[in-house]
Amino acid sequence: MTASAEALARRAVTLGPARALGWGGVALGLLAFWLALPPATVRSPLVPLVVGGLGIAAGGWALRAGAGRRLGGSAVAVAALGLGLGLLATRSNVGSLEQVFVWSALIASTLRAATPLTFAALGGIFSERSGVVNIGLEGMLLMGAFFGFLGADKLGSWEWGILCGVAAGAGLAAIHAVISIHLRADQIVSGTAVNFLALGVTGYFFIEVYTDQGTPGDVSTIPAVSIPWIEDLGFVGPAIGRMHILIWVAIAFVVLAHFTLFRTSTGLRLRSVGEHPRAADTVGISVYGVRYAAVILSGALAGLGGVYLSNGITHSFNENLSAGRGFIALAAVIFGRWRPFGAFAACLLFGFSEALALRLPGAYGEDQAWTTLFRALPYVVTLVVVAGVVGRSIPPAADGKPYVKQ
Amino acid sequence: MTDAPAAPPGPSPELGAESAAERLARWQRAGGIVAPVMTAVLAFLVGGLVVLATGSNPLRVYQGIWNGTGLEWFSQVGSYRVGLPFSDAEVWFPWDPGSRAAENLQQTLLLTATLVLTGLAVAFAFRCGLFNIGGQGQYFAGAYFSIWIGSSFAGMSSLPHILLALVVAGLAGAVWAGIAGVLKATVGAHEVITTIMLNWVAYFTGLYLFGQGGPLQNEEQVFSPTSNEVVESARLPVFWGDPLLQGLHVGFFLALAALVVFWIVISRTTLGYQVRAVGFNPEAARYGGISVARNYFLAMAISGVFAGLAGAIDMLGWRFSIGFSDIQSSTIGFVGIAVALLGRNTALGVGLAALVFGALVNGTATRNIPPDVFPIPEQAGNLSLTIQALVLLFIGADILILYLWARTGRLLGFGRRAAR
Amino acid sequence: MTDGSTVLELRGITKQFPGVLANDRIDFDLRKGEVHALLGENGAGKSTLMNILYGLYQPDEGEILIGGRPVRIHSPREAIERGIGMVHQHFMLIPVMTVAENIVLASEPTKAGIVLDYAAARMRVEAIAAQFNFVIDPDARVESISVGQQQRVEILKALYRRADVLILDEPTAVLTPQEAEELFAILRSLVREGVSIIFISHKLNEVLQIADRITVLRRGRKIDTLPAAGATEEGLARLMVGREVLLRVDKAPATPGEALLEVEDLHVLDDRGLPAVRGVTFQVHAGEIVGIAGVDGNGQTELVEALTGLRPVEAGRFLIGGVDVTGAGTHRILDAGVGHIPEDRQRRGLVLEFTLAENLALHDFDKPPNARFGWLRPGRMVARARRILEEFDVRGGGPQTLAKALSGGNQQKVVVAREVSADPRLLVAAQPTRGLDVGAIEFVHRRLVEERDEGRAVLLVSLELDEIVSLADRILVMYEGEIVGEYAAGTSEQVLGIAMLGGTREEATAA
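Residue numbers (my numbering), protein chains in the order written: chain L, 1 to 406; chain F, 1 to 420; chain R, 1 to 511.
Worth flagging that the hints you see were computed from the coordinates, not collected in a lab. Treat each hint with caution, since some may be false.
Said to hold, decoys possible - Chain R side only, calculated, beta carbon under 10 Å to chain F, not exhaustive:
id, residue
1, P256
2, E258
3, G309
4, L334
5, L350
What the hints assert, rightly or not - One side only, chain R facing chain L, incomplete, derived with CB under 8 Å:
id, residue
6, P76
7, R77
8, I94
9, E101
10, I114
11, V115
12, M123
13, Q400
14, L402
Where is the CB? At the ideal position from N, CA and C, for every residue including glycine.
Modelling step: build the complete structure from the supplied sequences, incorporating the hints.
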């Protein structure tokens, strides 16, 4: 063996610790933030500074040791974020921190925020697994939110709202499907177009129906269900014992989607169309049929997420209520490697950052202008995740490529 | 040497497996000016159907929009004496520069100038194969910095002050877009997601900067969430119309110059050659020794300069301040997407498409729509948004448009031989 | 075996594509239990004809008869229902799925009508494999098995669907001679079971070896159908090309000079971060062609990419003209005197939407005469392109023509022209003749030999063993990222084939 081969072998050995160092950096970053929160509630700014600093150093070291740009870079970014948030936390008073970090309330809030994302992300998975990139999730979410609210208002019950919202999302998806499957448009342009369409249509009808009075407050909303034996559990009881029914549905859909994709013949055919449409075509699978079904299903799911957003969370509708959630869901799809459980985990992460964004300003009093910046947190977290992890995951081979029947 | 299974070599007609850029090129050759015109016409027709569905008369609505654009000014030919801007000289002119239509036209051109720049911001990235839907955030970045510079340094003389504000705004846009460029170039993060996220970060940053208690909030009106006013020395000179009533400012010429710069850079410089090569086929460009990553970054940064300048000429030219409600209602960066795609990402096309959308946005502005035409004037803005969406949809559906065109051609007798 | 009855017949098939008459009134018939070869050059219309039979294309004219009755086949599904199976040149397999999943796709065994019964799928696959003597692991992911095995999966896919007519499109293109022998054995056993086989190929020797009858196509027309017995390679070549062809490349012995490429213990990783090139050392001298032979996926692609700066080097180094350029980046390496004819001209060699002039400037676009001080000079770029296109006899367009408008052969000429006209010291050619017709192949081969004779060093990487054997002055065999042997010009394909499969030198010499 020559010298350089030995060097290579040595590198192979050191690569393990480098990766560990990278993940350690990520963990230290999270720790820097966590230590400053209840119940630990460290008050010295030194602690997050030191711990976060160590995290950044570990990330940097991992970078140099060859753990890869992404892991090392993510470690540095996460540690810096943790350091910053930890420092901020030490600056607020303990009382309000404890108000914000009531963990059970935070978990409940996380699950609520994650639910619209989860529905949309599941939709995105079906669409992309069939080979159609769905940038239009944002618009489908918005359609669901408006027509779900409108349906619940005018038809008098939240069940009707769900039906209307799902139909509206599916309808918009059908347009995306025709343009990008049959007319073989650039799927990103087509998705952007349906996003604008949703913005225009929901804005139009919103003003048409509710003029400038805003939406009424007495509309039938998504009810919560109590599950007694969970409610009585110690820590999780208060958090998830009594939740909106659609949250449970979302969790059930995650399991169902996984089963459908990986354990049924339908799922096998769907995935084959997304990986190698010509191969699917040559054994007699209708590529267009599968893609239409998947895209329309994705619109229905995103629409359901939209219904929950308006009828379950905000209890009202505003123009552009979806506020980029469709794109965050898309990031969750990629982060979760096109798998339902992975995407769900990503949605929980983004949901947590949204819950934090809503509750953190409270820790500093309402009059602090800079706490507005917390509202950008979900978007910053998505950016960091997209930059850190997403570039590495491999999409279905035919994702985004129009298929031409011969 | 595993082959991508979807791309068999040889002469089989693989129309579908083409990239967005390839499609763009085909589309540019296939229909000439006809296809975009048909796209726009079709979009307005379907938009009319939407109006009809809600119980209004589309013809009257479009008439109302048309009247608001000021474009009928060109048909009102007469004989007038006009003072040359920035001088005392007077010359003969066939149109009345002071009519009502002229005022509307000034506003249409005002929007056209901004849309040219936000359109170029999308078009330049697109030529490199990137879809920059972050024009809105880059516009904000430029707007914030130009407001900051423009409302400070009150003692400066005019030209340096304006230039400083423009340069800083352009750089701010470049940095904001460059973040997405760097992420794309180094870790392959998809620019569509990153630019959208950056839009929202820019949005909330603005709410913070100019919100109550924010660092750039108006010093005199403490309870109003808006910025300081741009001082006199940083305002762009108005060459047509009333400077206080949103007359047409010299930023219009900046936009025209940007079109020329775009054309020169794309088709006459080695940078443009590289950008186009990467946009058409990054793989082949890399094999030829062109750095794909470097071009991704540069293309995004240059796009950001265009969008940042758009923000600057709006702030320095006629808005002079920015507040909560401006930030919340601004969509000019997004309209740039429709402008670029309808204009097929060429300089001339972007210029013409910007005029179309400038007229549309101005014509549908609340004050331009009489209430007897449209019961709720705010609706016109949503109609404009819907028409933009339809334009994008029909651009996506170019195959349909080209098919319709081919059919029409055949009907008129100069098409190719009839179908079997 | 052949009992003479006709299982299917094609009559007067015509198919037109924009600008090409791919099939012009072709007649073809297949008898039960025979191997009927369809012989022709690239672009002769073989694949089109078979895609029509398989329902992928619809013929403009003509009819298909199965068992004597005219039928219309609108889709592959209908073809499958009529007992026709096809093994495509580019496998229709999904790399990330298992062998069993690929085989049962769209005809899956299920529980309760919807739940995939994977255990049953595996059992059925094993049963069919056993029936036809195939050795295959049903649980392996397709991307992890060899190309030869992938081909067997394709055949099993057809058999699982009860095909009694099997179409094989260029099945040996990706196989070593030994693997091809195994395939022939399989085909013979299928014929014994009563399967009829259409064997598409452009290789004369193997057609003679396996076929009972041969139909020759040229430029979309059927030239003749003749029994394999009594046919000769020379005769078939004349029918196929329409003129006399030299089956061997004419070249003088090499006169190697100084080493222009020196590779020292090079290590390179593949896309997944696994070692692909593992300690490779060799030289290429001025005035010689060094051929690298090997089965697809043994590190050749990564080696070429590393040598052209497209892929980072993990360890070791390489020198061009005595200068260490390891890690220098593509631009500098090309500037150091390397010409690169990449393996996929449409994806990597050309920007199809660029004009020929722009394509010819692909790595000199920033140097005179194409540009000065960052400004392009389109006039000079076009003038230079016109000269080069003339010199290399590129037909079908001028400097302002888009590259995509050219035929495959002329596209490849443009790539060769660009790389050679830059006057490189080292020319790296990867799969330079893939998918070309005989005329273009002759051009590329002649040109490579000429460049060698002008004193350039030529590194030829090819999966076509006969190309390596006829062109190279020295042959290196790559197996699992290492160079496992060096052979002189004129070594037999059998010997090289054993080495390519990882056989020892002794085994190779013994063969």
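Results for each hint:
Contact between P256/R and chain F, as hinted, is not supported at the beta carbon level, the nearest pair being about 27 Å apart and thus beyond 10 Å. Given the 10 Å rule on beta carbons, the hint for E258/R is violated: about 25 Å separates it from the nearest Cβ of chain F. With 10 Å as the threshold, the beta carbon of G309/R comes within range of chain F, its nearest partner Cβ sitting at about 8 Å, so the hint holds. Among the interface hints, the one on L334/R holds; its C-beta lies about 5 Å from the nearest C-beta in chain F, closer than the 10 Å criterion.
Satisfaction of the interface hint for L350/R is found here, the shortest Cβ-Cβ separation to chain F being roughly 6 Å, below the 10 Å cut-off. Below 8 Å, beta-carbon pairs count as interface contacts, and P76/R has one with chain L at about 5 Å; its hint therefore holds. A least Cβ separation of about 3 Å between R77/R and chain L falls short of the 8 Å threshold, and the interface hint therefore holds. Nearest Cβ of chain L to the Cβ of I94/R: about 5 Å, under the 8 Å cut. The hint holds.
Interface restraint check: E101/R against chain L, minimum CB-CB distance 6 Å, threshold 8 Å, status holds. Against a cut-off of 8 Å between C-beta atoms, the interface hint on I114/R holds, since the closest Cβ of chain L lies about 5 Å away. The beta carbon of V115/R is positioned within 8 Å of a beta carbon in chain L (closest approach about 6 Å), and the interface hint is therefore held. For M123/R, the interface hint is violated, since its Cβ never comes within 8 Å of a Cβ in chain L; the closest pair sits about 16 Å apart.
The interface hint given for Q400/R is broken, as the beta carbon of that residue sits about 27 Å from the closest beta carbon of chain L, more than 8 Å. Hint status for L402/R: violated, given a least beta-carbon distance of 20 Å to chain L, over 8 Å.
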